[in-house]
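Using the sequences and the hints given, assemble the complete structure.
These are the residues of each chain, in order.
Number of protein chains: 2
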Amino acid sequence: MSSWQTYLDSQSDRFLQELLDFLRIPSISSLSENAADVQKAAEWVARRMAAAGIEGVRILPTGGHPVVYGEWLHAPGKSTVLIYGHFDTQPVDPLHLWTHPPFEPIVKEGRVYARGASDDKGNMLIPILAVEAMLKTEGKLPVNVKFMFEGQEEIGSPQLPGFVAAQRDLLACDVVLSADGTQYSENEPALLLSLKGICGVQIDIKGAKGDLHSGVYGGTIQNPLHALAALIASMHSPDGKILVDGFYDAVVPLSEEDRAHIAAVPFDEEAYKRDLGVDEVFGEPGYTTRERAWVRPTLEVNGMWGGFQGEGTKTVLPNEAHAKITCRLVANQQPAQIIKLLEAHIAKHAPRGVRVTVTASNASSDPYSMPADHPANRAAYAVLEALYGRPPYYVRMGGSVPVCPMFLKHLGAYTVSLGFGLEDECVHAPDEFFRLSSFRRGQTAYAMMLEKLAE
Amino acid sequence: MSSWQTYLDSQSDRFLQELLDFLRIPSISSLSENAADVQKAAEWVARRMAAAGIEGVRILPTGGHPVVYGEWLHAPGKSTVLIYGHFDTQPVDPLHLWTHPPFEPIVKEGRVYARGASDDKGNMLIPILAVEAMLKTEGKLPVNVKFMFEGQEEIGSPQLPGFVAAQRDLLACDVVLSADGTQYSENEPALLLSLKGICGVQIDIKGAKGDLHSGVYGGTIQNPLHALAALIASMHSPDGKILVDGFYDAVVPLSEEDRAHIAAVPFDEEAYKRDLGVDEVFGEPGYTTRERAWVRPTLEVNGMWGGFQGEGTKTVLPNEAHAKITCRLVANQQPAQIIKLLEAHIAKHAPRGVRVTVTASNASSDPYSMPADHPANRAAYAVLEALYGRPPYYVRMGGSVPVCPMFLKHLGAYTVSLGFGLEDECVHAPDEFFRLSSFRRGQTAYAMMLEKLAE
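Listed in order, the protein sequences are those of chains W and R.
My numbering puts the first residue of the first sequence at 1, with every later residue one more than the last.
My numbering puts the first residue of the second sequence at 1, with every later residue one more than the last.
Calculated from the structure, these hints are not laboratory results.
Computed from a predicted structure; not experimentally measured.
Do not rely on the hints blindly, as some may be mistaken.
Because identical chains share one entry, a pair is satisfied inside a single copy or across any pair of copies.
To be verified - Under the rule of at most 30 Å between Cα atoms (straight-line distance), these lysine-lysine pairs were calculated in the DSSO-like manner:
1. K108 / K206
2. K108 / K40
3. K348 / K241
4. K209 / K273
5. K206 / K314
6. K241 / K206
7. K140 / K78
8. K140 / K108
9. K314 / K409
10. K209 / K340
11. K78 / K241
12. K241 / K273
13. K78 / K136
14. K206 / K136
15. K452 / K409
16. K209 / K241
17. K314 / K273
18. K348 / K209
19. K273 / K348
20. K206 / K140
21. K314 / K340
22. K409 / K340
23. K78 / K409
Dropping the structure here:
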């Protein structure tokens, strides 16, 4: 057994107590009344990093919630790894659905229950502990390591792009390890190969000056709701293909290897339908459900409204109609380009007799994908295989994690997602928890990963 | 000058004071706290009718707000006329936009301002006064007359169909005169030839059990908002024709005479667009704007909604979508048949992967149309021409007045709309008023009309 593993085992009670300490700080980034708690969490992290032997620890301003930075750079000739995580949390409501107070962590049956336990305090503490174990037992790390922990992930990291761009020299690295991620199951590891990007628009349609009597004016002017329905309907074929001209043009086609990776991941379509409560899956022809979810771009209307929505009948010809749309993008689609295509589609298909305006939303992120054979990915593959006793699944996510394309853009570095939460851990929901077995396994994984990256 | 005209002229101050009295009763039928006021208005009407010499006056229960009935049936061999009107009013809000309190009537520059002045107290008092003048001066009426004034018109007359059906013997007549109507302008009379019917449905679309993350699930199952948009879009061609199979089948084609009548009514399309604030009129090809408004059936979405409608972005794949639709019908379309066609269309066009339900709304009324050459219409034509010094326009209404098809169905009698309000009188709005010139001209018109019907 390696000396750092002996250290990790011997300190596990203390580490758990420290995690509980960390979890007691209600660092909810979305609530202004908790801003001081987010700052307090940053200070806790900084102190803990320094105690681990990490150097140059400092709390850096961003214009919003701060970033905590630290480094250990005494491995000349070795690569430099940036470790990312976040110390802010989601709000706790609905509070009455929690079995225990969300910021009074309790340990029960090998799990620690608290807001932030899995997302992301438990996971982000892991690499600090692994580094401490290596420094305390071996006096050094096998590679150069930088740490960047942020306090605004749960509000969409509004100041992070500017911060990363401005601090590109400080943060310069060969690869990023993200401690904000998941594995496939307790016994099956996973390695994330791609995330979708996102962009969106709001469509606003105006007709007459005000709402009109549908008997007196119906049939004489365009109804904004009819116009909106026609416009939205023009965006998909009846079988679910997106009909916006050029929408798929930039998409990198799926390779046979990609399809094989996806097909290798267990998927029970009957269970999927049952869980969602739908009679059939539906979407772009020519792709499996998993492929559509993971690697095909989508266009979804998130909301649509206009006119009378109350009980009974109101015979109004409304003068406004609205829709919110977001697209999930895959490599190599660009948010700005997709917005242009949407605008062109809407201009081309806008029904007569109404005024249609399109406003791009702030939610924007590039898609992210990482070559399966990237050296850091191969390292993570080997570590996970050794730890779990079986090779990881190559998985993808339909969701968007803006920090990954951001690091690629500003630092030129890919991000390996090396987190140990599981999907059932009630992240963002009542009774969030983290498995202590994951907390311990993660520490070993990070130490192994740093060694592997030095090879 | 006829003796009744001399009487009308001599009593005009008293009649105005009586109208002000009547207008002081806040008989708002939609507010339960005003139910006693509606009853009080019924009692006022009954007393006023009896004072006019009308016989058999009684307040009849309907299960809701009452009906006031009276009669004068001493013209053997002459036709029987049923005079209709209503003594209930709309609510007054927004109260702060009224220049004077709505139930403290004031007279200013030849107008009386109060809620209900034009709709319909001023208009419904007119025939009572005309009958009084004839009875006081000539001791008799030229035809048999029945009166039916209701107290629930402004809430859609929910108990009236049952009441009219149950009282068909009491109400039996040859023709109805409705004192709830308008003329074209102060100097131009109008005769109403048709009203549209109405029917409606609500469409409810359900997808998954609950709202889903649009990144994780987008593209894998049908989005209810996409399904709704496709369904609504399927109901109209891009140029505004209704595409529901069979929708136009029962429609009686417009005759050349109908089109000539409509074309003869002044219509300034540029002013129409300017007033509505639209750049162009729009609708079923092959018909003028007036024809579409007055005599072509329509299908309008009154409201449509689902998903996130707040500020910013919420990347939800919603599990519900809804729309409310009403159709305006023309002769000989039947509401029940149109509902069936809508259900069939929706069943045929319902997108895959969601559950679509259709619920017919309670708002239902047959279309109504009256032959231009009906004897009572010819009589009204002659009276209006004599009074205004020019022939009336034949007009139609896109709105629905359920009482007209109801009288036709249960009593077999057509309704001549003989009211004297004008469109600018702020009916249902703040500062409603009625012109005293219309109040006096209407009294003369009703006396002339009864004489004409005796010829």
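Right, here's what the structure says about each hint:
In this assembly of identical chains, K108 and K206 lie within 30 Å of each other by CA distance neither inside one copy nor across copies; the values are 57 Å within and 39 Å between. In this homomeric assembly, K108 and K40 come within 30 Å of each other (Cα to Cα) only inside a single copy, at 27 Å, whereas the closest approach across copies is 71 Å. With identical chains, the CA atoms of K348 and K241 are at most 30 Å apart both within one copy (18 Å) and between copies (21 Å). Taking the shortest alpha-carbon separations for K209 and K273, only the inter-copy value of 10 Å comes in at or below 30 Å, while the best intra-copy value is 45 Å.
Within a single copy, K206 and K314 get their C-alpha atoms as close as 19 Å, and across copies as close as 23 Å, so both meet the 30 Å cut-off. In the homo-oligomer, the alpha carbons of K241 and K206 lie at most 30 Å apart both inside one protomer (28 Å) and across protomers (21 Å), since each shortest distance falls under that limit. Taking the closest pair of Cα atoms, K140 and K78 come within 30 Å of each other only inside a single copy of the chain (13 Å); across copies the shortest separation is 117 Å, beyond that limit. Taking the closest pair of Cα atoms, K140 and K108 never come within 30 Å of each other, the shortest separation being 35 Å inside a single copy and 97 Å across copies.
Only between protomers do K314 and K409 lie at most 30 Å apart by alpha-carbon distance; the minimum there is 25 Å, versus 52 Å within a single protomer. When the C-alpha separation of K209 and K340 is checked against a cutoff of 30 Å, the pair qualifies only within one copy, where the shortest distance is 29 Å, while the shortest distance between copies is 34 Å. For a Cα distance limit of 30 Å, the shortest separation of K78 from K241 qualifies neither inside one copy, at 47 Å, nor across copies, at 72 Å. Taking identical chains as interchangeable, the C-alpha atoms of K241 and K273 lie at most 30 Å apart only when both belong to the same chain, with a minimum of 20 Å there against 38 Å between chains.
Only within a single protomer do K78 and K136 lie at most 30 Å apart by alpha-carbon distance; the minimum there is 20 Å, versus 116 Å between protomers. When the C-alpha separation of K206 and K136 is checked against a cutoff of 30 Å, the pair qualifies neither within a copy, at 67 Å, nor between copies, at 58 Å. For the identical chains of this complex, K452 and K409 are intra-copy neighbours only, at 25 Å inside a copy versus 89 Å across copies, given an alpha-carbon limit of 30 Å. Only between protomers do K209 and K241 lie at most 30 Å apart by alpha-carbon distance; the minimum there is 24 Å, versus 36 Å within a single protomer.
In this assembly of identical chains, K314 and K273 lie within 30 Å of each other by CA distance solely across copies; the values are 23 Å between and 37 Å within a copy. In this homomeric assembly, K348 and K209 come within 30 Å of each other (Cα to Cα) only inside a single copy, at 24 Å, whereas the closest approach across copies is 35 Å. For the homomeric pair K273 and K348, the shortest alpha-carbon distance between copies (24 Å) is at most 30 Å, but the shortest distance inside one copy (36 Å) is not. Neither within a single protomer nor between protomers do K206 and K140 lie at most 30 Å apart by alpha-carbon distance, with minima of 66 Å and 59 Å respectively.
For the homomeric pair K314 and K340, the shortest alpha-carbon distance between copies (21 Å) is at most 30 Å, but the shortest distance inside one copy (37 Å) is not. Proximity of K409 to K340 under the C-alpha cut-off of 30 Å is restricted to the intra-copy arrangement: shortest distance 21 Å within a copy versus 58 Å between copies. Taking CA atoms no more than 30 Å apart as the test, K78 paired with K409 passes inside one copy only; the shortest distance there is 23 Å, against 94 Å between copies.
In this structure, the hints that do not hold are numbers 1, 8, 11, 14 and 20, in rising order.
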